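Chains as they are written, first to last, in this note's numbering: chain A, 1 to 209; chain B, 1 to 209; chain C, 1 to 209; chain D, 1 to 209; chain E, 1 to 209; chain F, 1 to 209; chain G, 1 to 209; chain H, 1 to 209.
Please keep in mind that the hints were generated in silico from the structure rather than gathered at the bench.
Hints may contain errors.
Claimed, not checked - In silico EDC-like pairs for lysine to aspartate or glutamate, Cα to Cα no more than 20 Å straight-line: (1) C:K14 to A:D108; (2) D:K14 to F:E39; (3) B:K206 to C:D122; (4) C:K206 to B:D30; (5) H:K75 to H:D149.
As the list claims (entries may be wrong) - Selected chain G positions facing chain H (in silico; Cβ < 7 Å): (6) G31; (7) G113; (8) M136; (9) S164.
To be verified - Which chain H residues stay away from chain A? Per the calculated CB distances, all over 10 Å, these: (10) K21; (11) V32; (12) P51; (13) P70; (14) R116; (15) R121; (16) N176; (17) L196; (18) A204.
Computed from a prediction, not measured in an experiment: that's the story for all the values here.
No residue lacks a Cβ here, since even glycine has one placed at the ideal position from N, Cα and C.
8 protein chains.
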Amino acid sequence: LRTGFPEVIWGADKTPEQITKIINLMRQDDGVVMATRIEAEVYQQLKQTIPDLMYYPTARICALSAPKTPSQIGKISILTAGTADIPVAEEAAVTGELCGFAVTRLWDVGVAGIHRLLSNRDVVYNADVLIVVAGMEGALPSVVAGMADCPVIAVPTSVGYGASFSGVAPLLTMLNSCAAGIGVVNIDNGFGAAILAGQILRTAKKISR
Amino acid sequence: LRTGFPEVIWGADKTPEQITKIINLMRQDDGVVMATRIEAEVYQQLKQTIPDLMYYPTARICALSAPKTPSQIGKISILTAGTADIPVAEEAAVTGELCGFAVTRLWDVGVAGIHRLLSNRDVVYNADVLIVVAGMEGALPSVVAGMADCPVIAVPTSVGYGASFSGVAPLLTMLNSCAAGIGVVNIDNGFGAAILAGQILRTAKKISR
Amino acid sequence: LRTGFPEVIWGADKTPEQITKIINLMRQDDGVVMATRIEAEVYQQLKQTIPDLMYYPTARICALSAPKTPSQIGKISILTAGTADIPVAEEAAVTGELCGFAVTRLWDVGVAGIHRLLSNRDVVYNADVLIVVAGMEGALPSVVAGMADCPVIAVPTSVGYGASFSGVAPLLTMLNSCAAGIGVVNIDNGFGAAILAGQILRTAKKISR
Amino acid sequence: LRTGFPEVIWGADKTPEQITKIINLMRQDDGVVMATRIEAEVYQQLKQTIPDLMYYPTARICALSAPKTPSQIGKISILTAGTADIPVAEEAAVTGELCGFAVTRLWDVGVAGIHRLLSNRDVVYNADVLIVVAGMEGALPSVVAGMADCPVIAVPTSVGYGASFSGVAPLLTMLNSCAAGIGVVNIDNGFGAAILAGQILRTAKKISR
Amino acid sequence: LRTGFPEVIWGADKTPEQITKIINLMRQDDGVVMATRIEAEVYQQLKQTIPDLMYYPTARICALSAPKTPSQIGKISILTAGTADIPVAEEAAVTGELCGFAVTRLWDVGVAGIHRLLSNRDVVYNADVLIVVAGMEGALPSVVAGMADCPVIAVPTSVGYGASFSGVAPLLTMLNSCAAGIGVVNIDNGFGAAILAGQILRTAKKISR
Amino acid sequence: LRTGFPEVIWGADKTPEQITKIINLMRQDDGVVMATRIEAEVYQQLKQTIPDLMYYPTARICALSAPKTPSQIGKISILTAGTADIPVAEEAAVTGELCGFAVTRLWDVGVAGIHRLLSNRDVVYNADVLIVVAGMEGALPSVVAGMADCPVIAVPTSVGYGASFSGVAPLLTMLNSCAAGIGVVNIDNGFGAAILAGQILRTAKKISR
Amino acid sequence: LRTGFPEVIWGADKTPEQITKIINLMRQDDGVVMATRIEAEVYQQLKQTIPDLMYYPTARICALSAPKTPSQIGKISILTAGTADIPVAEEAAVTGELCGFAVTRLWDVGVAGIHRLLSNRDVVYNADVLIVVAGMEGALPSVVAGMADCPVIAVPTSVGYGASFSGVAPLLTMLNSCAAGIGVVNIDNGFGAAILAGQILRTAKKISR
Amino acid sequence: LRTGFPEVIWGADKTPEQITKIINLMRQDDGVVMATRIEAEVYQQLKQTIPDLMYYPTARICALSAPKTPSQIGKISILTAGTADIPVAEEAAVTGELCGFAVTRLWDVGVAGIHRLLSNRDVVYNADVLIVVAGMEGALPSVVAGMADCPVIAVPTSVGYGASFSGVAPLLTMLNSCAAGIGVVNIDNGFGAAILAGQILRTAKKISR
Ligand SMILES: Nc1ncnc2c1ncn2[C@@H]1O[C@H](COP(=O)(O)O)[C@@H](O)[C@H]1O
Ligand SMILES: Nc1ncnc2c1ncn2[C@@H]1O[C@H](COP(=O)(O)O)[C@@H](O)[C@H]1O
Ligand SMILES: Nc1ncnc2c1ncn2[C@@H]1O[C@H](COP(=O)(O)O)[C@@H](O)[C@H]1O
Ligand SMILES: Nc1ncnc2c1ncn2[C@@H]1O[C@H](COP(=O)(O)O)[C@@H](O)[C@H]1O
Ligand SMILES: [Mg+2]
Ligand SMILES: [Mg+2]
Ligand SMILES: [Mg+2]
Ligand SMILES: [Mg+2]
Ligand SMILES: [Mg+2]
Ligand SMILES: [Mg+2]
Ligand SMILES: [Mg+2]
Ligand SMILES: [Mg+2]
């Protein structure tokens, strides 16, 4: 995508053959190659011709040559409201790590049990960028942005039923947040949230020059 | 409406003449008579022929013979997320008081500044029924219902702009709340929330017999 | 959830292994443990490692140590408009019983055959709280709330086709009801309706002392 | 429009000059000429050049040479759920009368007070065609169609606020009615309902010969 | 349903066992018994215990003791815009015939080839009631109602893709028709259209007395 | 906009001062200058400083130096369903004429009176491009495209009420047309339709050389 | 469809038997016969009784006797924003070729990498008609129409997730384009786009006579 | 709001008296005080009691003691697609300047004339954060994010008509952007975009130390 970031393949609408071909093409390049929205069975097929391909099952991401330790400046903290939001959050987390950033995970701190969030407030305070993932009513980003003093990226998820309308309800909640300083991405778009977080942190390097 | 509750007129689609006529008709009855959605100018007209008519300007309610002190058992606490939600909350509060209940008001405790809610948590704990009024992202009822141990009535308001879609955003937020024990009413329906609260508290009396 | 109420697991997005683990974890606690949205096949798997787990097939709920007789004060009556609404109504009924309340069921009394409702009006009059479940046009709660003198919880269901839009039509009907004293929950949310009913009855007990 | 029915002008998007011109053009024809959606001020202007023009203020209809007594076979009964629905119902009633039919009016028999409808059930039973007008939750046509043994024409109105979405809520309610034998027209379309009723009664006459 | 009309079962949400039970229960009654939304496989199961059950595969209706010849007064003509609309039209046609009416079918006369409709105009002129079934843009009822001098029942279908939104597009088209005298039913509701047609025709009998 | 076409100003969101300034700026250029969405009062103001500015009141367009006779090859025919659609159609017609094309107008040939269209079919057959403007149910383009053998540009209008949703209903109708060969533009976008027609005719000239 | 264009069958809602029958019926006619929305397995079945039937797998089109070389005047260029849009674009491309036109393909030139489009601008400049296919944000037609001097047909696709709402997002983008001269077709309607392009080019021939 | 940022008042739902009172209350505090959504007439009233209050008419912002020169590290570039988007962009620009940042403005570089953007590409390359404001089709952020190597904040505006649905169309476009690294805010929310930009730049400073 951008200098210093991984090459990325959107795996959802492609056959294993197409993905394999693109990965091998990109491998020439120096650096990380990754594909998102890869189901376990697809990974099994890809692995047969690309034996060094790694897989992150919850995030549904596969990758070549991931960085061992954070190589970039800046800390991303990722929070979820519920446990069903974790796959989207992991898509963000693994993408962030493959970009070279340190990632802290905090799952299941939704607003219906506000004490769990409050007793983990250091995760909020220590972050340089926050990614907050929530489905159903999607209220968590508002509360977090009210506590934090750094940019908040809000990710609505399609978790829920009935009047959640596959993520429309949390999407609207996040766009209407009373707390300023929130940028919203598409429903279930953990990947996009991580790239935006990465862009924010790289701006720091640029500015400090 | 119901035994022991005020007679109520929905003022929005009626002329001053029609309202006057209905009030006088209902006056025969013993007890409180009230009308909602009455603008100040309409009240001025009504007052000329019904001199003992009272007016609650923020609530846009007018009434005959309101109870001086709470005459019914049970305490209603009413919260708003913002100051712009106050008219809807006052519609609920005045209706509740005209029904004979004790009402506690707590304005402007929205989730983007969670500390204000937390430092007023006794208002939440002391209530027998909670009415929570919020526009924009409408997240307050979820947080409150997670803290409270009594029924929560959630009232979405049309306060907001853009993707709040005149109250659709907070309505969806409230319907999708992860916190169980929440009943939702129509957008801006402060009156309906108070009547539901009244029904809940009157059930207590019935049960205790 | 709340003191004296069952521990609850949302079963829909979890594997049998995850559910088993959480049930066993919660079993330590004194009291009822229940899980909602459990399909029959999932229950068969759960039962192999948790032999004392009970199953309510229509409600799609499984539970440990259900109360034999109502242990709490207050009567919940549950009505449905059609027969296809029964699974949602049973989710409410079984939850209510697992919370310790007496539950009366009245199925198939939709407004298109108003005589059936009218000839069962004692079920409406004897309730302390009413849960009214309806899909398609969702008109039943309005009629019931006009007859009843206790709180009404309205549950829209996704039963219907075409312009019912998976429950949006009855949801809107219920939110717009001319009869005050109705609280609405999410589409198909029988569980949430029962918890709200339980909160109402517990509050009643509290204040009636 | 059709042989034996009035000539009709849709007044909403026309200037008084245009309407005057069309009325005079149609006057040549034998029979009734009518215009809908005519505000009182517009009528005042029209009257100056067409002195024999009559006006029905609630219906917002003006007409030339209305029939004195019903000249056609068949009785139309028109019901409204609330008083705010009366203007739409009057548009239907006056149109029906101008077409030559006998019209019975029954206002304010909404489902939230079902007894009022039940104590007027002869109006339902005596009709050859029923037009049922309702806003807000729009549940009345379902109940009426369940009681009646003749065709029911359902007219949703834009009466309501919040989640009634200017008539969408009652429109969906009516389309989803569990009671078969209901035909729905556009929101606030009292005129169209009356013409459909007229067509039904004329067809009846035709085949009953 | 109504005196002289068949007993009807909505087959969509019922098991073969439930349907069998209801059919046998209703058989006691004198007259036709029918069930809609019955897939071929379900019929095969039903037939094993109810050998005299008939099946109309395109209409997806099964029935006991259908009338051999029309026993009621009045002719229903049913039109479709395309061939994919035929199953919905057949649901209407078979229901109409089971109610005892004469039914004329005219398929595939959509407005994009207006000549086909025009060269079959006698089907339109000879009808006492018209049922017009159309998906995609749903324009056929407008054209037909402009030509016909009898009531038109419009049935939108879920046939189409993309911006037809499963029948919303033709539903809106039909509700907004410039041609007065059209009553609209729910998307794909052929059954309801036929019952409304039957009610219209039975009114004739009543009037002529 | 494009070589040989007028310079165009979107007048809707601009003050008279801004429009005057832009017109004078563009006047330098050789050729026609035009502004759309200009209300009569705004034109009166513009005229005071630009005395040679012409005004087309129904189209709400003003222009400098319009072509006297068609200067371009190709005939555009423009049809409307109703009279209320004429302003949008005139926006298209005047734009087309200012671009130099011959324009034929045919108003009020909506599908509810199909004979009027059929008795004017030469207007359809003689066109090189058709622009069809319709509100309410918006069915006219489908019928026309089925008759024509040239490209059809469909323009939905916001004419209508209730379920026309300010033009959404005819927009969907046009997008779902069974007749292929139709291109749709935005609601009320007469201008855009004319520019597309102009592009089509200019392309024709280009390739016919 | 139209003189000189192929006979077309909409394959989506038909059985292989029905399609076979229609193809054989149309074969009598002189010229190309084609069917759209044909899955590979369906083609395998069709081929057994129609051995000379050709198949275009990506376009999901099968055809009898396709033209070897372009037989018609005019060049169609087809662009896609992404690779997932190719099937819809191929439906357009193959249809265009079966109609006898020369088609140039340019895939994967979406606006997020504007350089790729800019370095292929000759494809835009050389076209007589442009078909631009895009899902997700659907922005490509705007940019292309700003560069091109010929008609642009915009095809939204259902490619995307979350807030793309199965093609609604790109549909709205295209209808709202600031660039005039764009005609929009239904979501995924590659076929319709090609027929419109064909109509545009055939008009040229007509005009040039 | 946050340490070092101005105190902010949302002026839209407040009377001049309320705003005056809050400004005077906040003046005690050290630093900038600002109010958004202030119409010119309201400012005239405020100024009478707060003579040192400044006004930015296009941005509709008033402020006390604005910084003379940028006091914070980091450059914000703000782009608009059209001229009608400028008020929203100015709300962002003035807020950014009142926060102490250097702001570069680039108006009217929408995608329908891509050359204007390309010939100003240094504005894109020189920014540390980009705010991109667009109505109608809202495509500009996608193109800009594809060119830029810094975070992009996308602001949809309510500019447009018809199918732009008061900003819904550009909102969806921005959420679906193929270009990663974009955070979206509410429709017309220039203020929120500037605060998010400010948070990003302050975080950058923090971590670059
Ligand atoms: N059927 C249901 N509908 C709505 N909410 C439910 C349902 N079942 C469980 N819940 C809620 O889900 C929570 C448990 O979610 P989890 O921790 O994901 O198992 C409980 O505290 C309940 O509030
Ligand atoms: N209130 C109304 N609602 C719906 N349609 C109407 C109404 N009044 C008149 N119309 C229709 O509008 C047609 C006349 O339209 P116009 O030629 O524009 O005056 C009549 O033939 C009626 O079908
Ligand atoms: N295809 C159908 N579409 C709409 N309503 C139907 C249909 N078939 C049956 N019904 C209605 O469903 C009722 C029977 O429902 P049930 O008691 O659930 O079998 C009948 O009285 C009919 O009014
Ligand atoms: N892929 C397609 N998308 C839209 N319309 C199509 C498509 N393929 C065929 N059609 C239309 O469908 C008609 C044939 O429909 P049918 O008679 O049902 O086979 C043709 O005349 C075309 O106008
Ligand atoms: Mg949440
Ligand atoms: Mg809130
Ligand atoms: Mg019901
Ligand atoms: Mg009603
Ligand atoms: Mg059609
Ligand atoms: Mg039309
Ligand atoms: Mg694109
Ligand atoms: Mg743009």
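How the hints compare with the structure:
no.: 1; hint: C:K14 to A:D108; result: holds (14 Å)
no.: 2; hint: D:K14 to F:E39; result: holds (17 Å)
no.: 3; hint: B:K206 to C:D122; result: holds (16 Å)
no.: 4; hint: C:K206 to B:D30; result: violated (31 Å)
no.: 5; hint: H:K75 to H:D149; result: holds (14 Å)
no.: 6; hint: G31; result: violated (38 Å)
no.: 7; hint: G113; result: holds (5 Å)
no.: 8; hint: M136; result: holds (4 Å)
no.: 9; hint: S164; result: holds (5 Å)
no.: 10; hint: K21; result: holds (21 Å)
no.: 11; hint: V32; result: holds (15 Å)
no.: 12; hint: P51; result: holds (29 Å)
no.: 13; hint: P70; result: holds (13 Å)
no.: 14; hint: R116; result: holds (24 Å)
no.: 15; hint: R121; result: holds (16 Å)
no.: 16; hint: N176; result: violated (6 Å)
no.: 17; hint: L196; result: violated (5 Å)
no.: 18; hint: A204; result: violated (4 Å)
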